[in-house]
Amino acid sequence: MQLKYKISISIMLISLFILIFISIFYANWSYKNTLENEKNQLKEKALESAKYIEIELLDKLDLLKTIASAPIVSSYLIQKNQEYDKFTTIQKEKHINALNQKWIESKTEKDSFVKPYLNNELAMFLKKQQEIFAGMYGELFITNGDGAMVASTAKLTTLAHANKYWWRESFANGDGKIFFDDRGFDSSANGYVIGVVYPIKKDGKILGILKANINIMNTLSFVVNRYNKKGDGYLKIVRTKGLVVYEEGKDLLSSTIQCDLLKNLKNLEHNSKILQNNLVAFAPVRLSLDSQEIIFGGKPHSIDHLKGNDDEIWHTVICFDKNKALAQSKETSYMIFYIGVMLIILSGFIAYMVGKWISRPIEELQATQQKLKVQEEIMIAQARHAAMGEMISMIAHQWRQPISAISMGANNILADIQLQTIEENSLKEDTQKILTKTKELSKTIDRFKNFFQSEKNISRVDIKNIIEDSSNVIEKSLQSYNIKLDKNISSQMIETYSRELMQVFISILKNSQEMFLRNKIDDAKISIFMKKLENSVIISFCDNAGGIEESIMSKIFNPYFSTKNEKNGVGLGLYMSKTIVEKHLNGIINVKNIALGVCVEIELPYLLEKGENDE
Amino acid sequence: MNNIQQLKEKIRGLKVLFVDDEKDVREGTGTFLNKFFDNVEICTNGEEALDVFKKNNHFDIIITDIMMPKMDGIEMSKAIRQIDSKIFIIFLTASRNMKEYDIDLSDITLQKPLSFDDMILIMEKLSEKQW
Chain U
210 MQLKYKISIS
220 IMLISLFILI
230 FISIFYANWS
240 YKNTLENEKN
250 QLKEKALESA
260 KYIEIELLDK
270 LDLLKTIASA
280 PIVSSYLIQK
290 NQEYDKFTTI
300 QKEKHINALN
310 QKWIESKTEK
320 DSFVKPYLNN
330 ELAMFLKKQQ
340 EIFAGMYGEL
350 FITNGDGAMV
360 ASTAKLTTLA
370 HANKYWWRES
380 FANGDGKIFF
390 DDRGFDSSAN
400 GYVIGVVYPI
410 KKDGKILGIL
420 KANINIMNTL
430 SFVVNRYNKK
440 GDGYLKIVRT
450 KGLVVYEEGK
460 DLLSSTIQCD
470 LLKNLKNLEH
480 NSKILQNNLV
490 AFAPVRLSLD
500 SQEIIFGGKP
510 HSIDHLKGND
520 DEIWHTVICF
530 DKNKALAQSK
540 ETSYMIFYIG
550 VMLIILSGFI
560 AYMVGKWISR
570 PIEELQATQQ
580 KLKVQEEIMI
590 AQARHAAMGE
600 MISMIAHQWR
610 QPISAISMGA
620 NNILADIQLQ
630 TIEENSLKED
640 TQKILTKTKE
650 LSKTIDRFKN
660 FFQSEKNISR
670 VDIKNIIEDS
680 SNVIEKSLQS
690 YNIKLDKNIS
700 SQMIETYSRE
710 LMQVFISILK
720 NSQEMFLRNK
730 IDDAKISIFM
740 KKLENSVIIS
750 FCDNAGGIEE
760 SIMSKIFNPY
770 FSTKNEKNGV
780 GLGLYMSKTI
790 VEKHLNGIIN
800 VKNIALGVCV
810 EIELPYLLEK
820 GENDE
Chain P
154 MNNIQQLKEK
164 IRGLKVLFVD
174 DEKDVREGTG
184 TFLNKFFDNV
194 EICTNGEEAL
204 DVFKKNNHFD
214 IIITDIMMPK
224 MDGIEMSKAI
234 RQIDSKIFII
244 FLTASRNMKE
254 YDIDLSDITL
264 QKPLSFDDMI
274 LIMEKLSEKQ
284 W
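As given, the protein sequences belong to chains U and P, one line each in that order.
When you line the first sequence up against my numbering, it's residues 210 to 824, in that order.
When you line the second sequence up against my numbering, it's residues 154 to 284, in that order.
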């Protein structure tokens, strides 16, 4: 696969990994965060609704307080209480019971006994208030300090109220408390009625008790509907023991909430939690909790109502489907994923372009390296061919003499035969000479035959022998050009690639030979010296062939650089020698001019670490 | 008497100077020449041959190698020609490229190794020559 594709795919995979990681992280974070936020928001909304109900009820109370503070109320009650002052406690009870009995027996409001209670000046005042706040009040009535009704807007069932729970709660043994009587559904008012009971005091003494039955259907439905319209779940108003006071679309007091929540309501908690795949928030209506003067409660059953309050308060409960609560978060997660996919496609394109851009210089470098490698292989092959050509030339020199001798031996035998002078001894002598020379030819071949084989292993050899073998190969060629070879060498064992080193030595000797021929030097001589150092040996090949021009000295190791005429050299001899000595044999090669010629110095280590040739 | 024997009789009186630096060639060729000529002088290089020629200027034929130490065959032949311009010279060489040598085209060159037929052909030419 091309590098640019590798790079672009890598970038895409990294992008995809990052996207998946971000998506999972965001989805997880968003789920927890959204859930927590929703829970907190619902909790606040539950409290807000609870407070609203509390304020509404307190508003109703404030109106009642206004009515109670009217001078006519206290003056009328003082007057009525004075009528009872003449009775003892027992007489009072008897009197009130008698009146109550008479009241019960009176069937209509037109009855002469009932009329004074409904038409006295206080009753008229109350009726006036009822007219002013039309639809709010069911009945408005006032009892004196002993529970006997003194004025009412309508004929109630009884006249005596001192034994009733709401009266006693409000009278509070003479202390006077405001009592919210949670009566439940009132069929006569066709709504939910709260009785607000207010003690009317003067100088710390209770003059009477004012009670107003207030239809709060509108308040309840307003609170619930207002919330439900927002779409963040649905709101219920619930009593502490689980009976639902008001829920949109259901009858009043007809259902109960989940048991899981009752403990939280009982503990008067303001909180939120997850119940059966719903977020549920709840808050108490703290009307009676934050005040010593107000009591909220009632009685489950009495003569005029059912499903009344059983020492409970109200709570607002909001239920919200968890999936709906998380819908926005999910939608955002999906949006991030879709955007991510688009970004991946975009990043893929960018990655391709970037990959193409990044990989271009690398690919160019690879191509250059490949080209250089191919060129080096070509050069090695060319050098090998040149070396082979030189070797064949050397073999020709070595063979020339024995072949001539063999040829002349045969010629002599033929001549003896033709001249009829053949003798056994001379025939034997000529034949023996032919055989001897044939063996010489064979030896020469043996000397050369391994030279071209590749060398895989380092061998421990005497460098003197390598020099001798090298000079043997080229000796005849040198002799034919009257070039003397002077060897000042001794034994020294080294680790090396012996045949490669031999190739270097022969190449150097061959270069000297070429220089001698070109410069036509008399008394041509090549001297070989050896200098042993602590860890290495230096072998110097010095000739008197005229030296190398200083201007070209820096180029002599370059490939294809040759001072020879074109037909004789390819310019790879010294290049290959340097490559072999420095890259394969871990040595150093230098060329320097001396007085009459040139010295090639090769320094080789005694020990050679395993190199690339051994791989 | 066969043809070769007749040829030998015709040329045996000619005086030959043979020059070659290679011992085996010198010995083998010298032995061959001695089978046909009664008077063969053998030298190891051009310098020695020129000295011998100068001391004893009565040779009919010079057979010489070209590449030799001290003085090569070409240089020697030029020196001898200055003494005897008409001397018959046969060059022997292992080289396949004769153009690289400055050889008079009238001279005969033979390639080493010498074949029996080449030698006989040369001797037939010698026998035909008017001495």
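Don't read these hints as lab results, they were simulated from the structure.
Fair warning: there could be bad hints in the mix.
[Unchecked claim] Label pairs and their calculated CB-CB ranges: (1) U/T630 - P/N210: 57 to 65 Å; (2) U/T630 - P/D204: 28 to 36 Å; (3) P/N210 - U/Q688: 25 to 33 Å; (4) P/S268 - U/A605: 31 to 39 Å.
Backbone N, C-alpha and C define an ideal beta-carbon position, used for all residues, glycine too.
Outcome of the hint check:
1. U/T630 - P/N210: 57 to 65 Å: violated, 31 Å
2. U/T630 - P/D204: 28 to 36 Å: Given range 28 to 36 Å: holds, Cβ gap about 33 Å.
3. P/N210 - U/Q688: 25 to 33 Å: Given a distance of about 31 Å, which is inside 25 to 33 Å, the answer is holds.
4. P/S268 - U/A605: 31 to 39 Å: Because 18 Å falls outside the window, the suggested range is violated.
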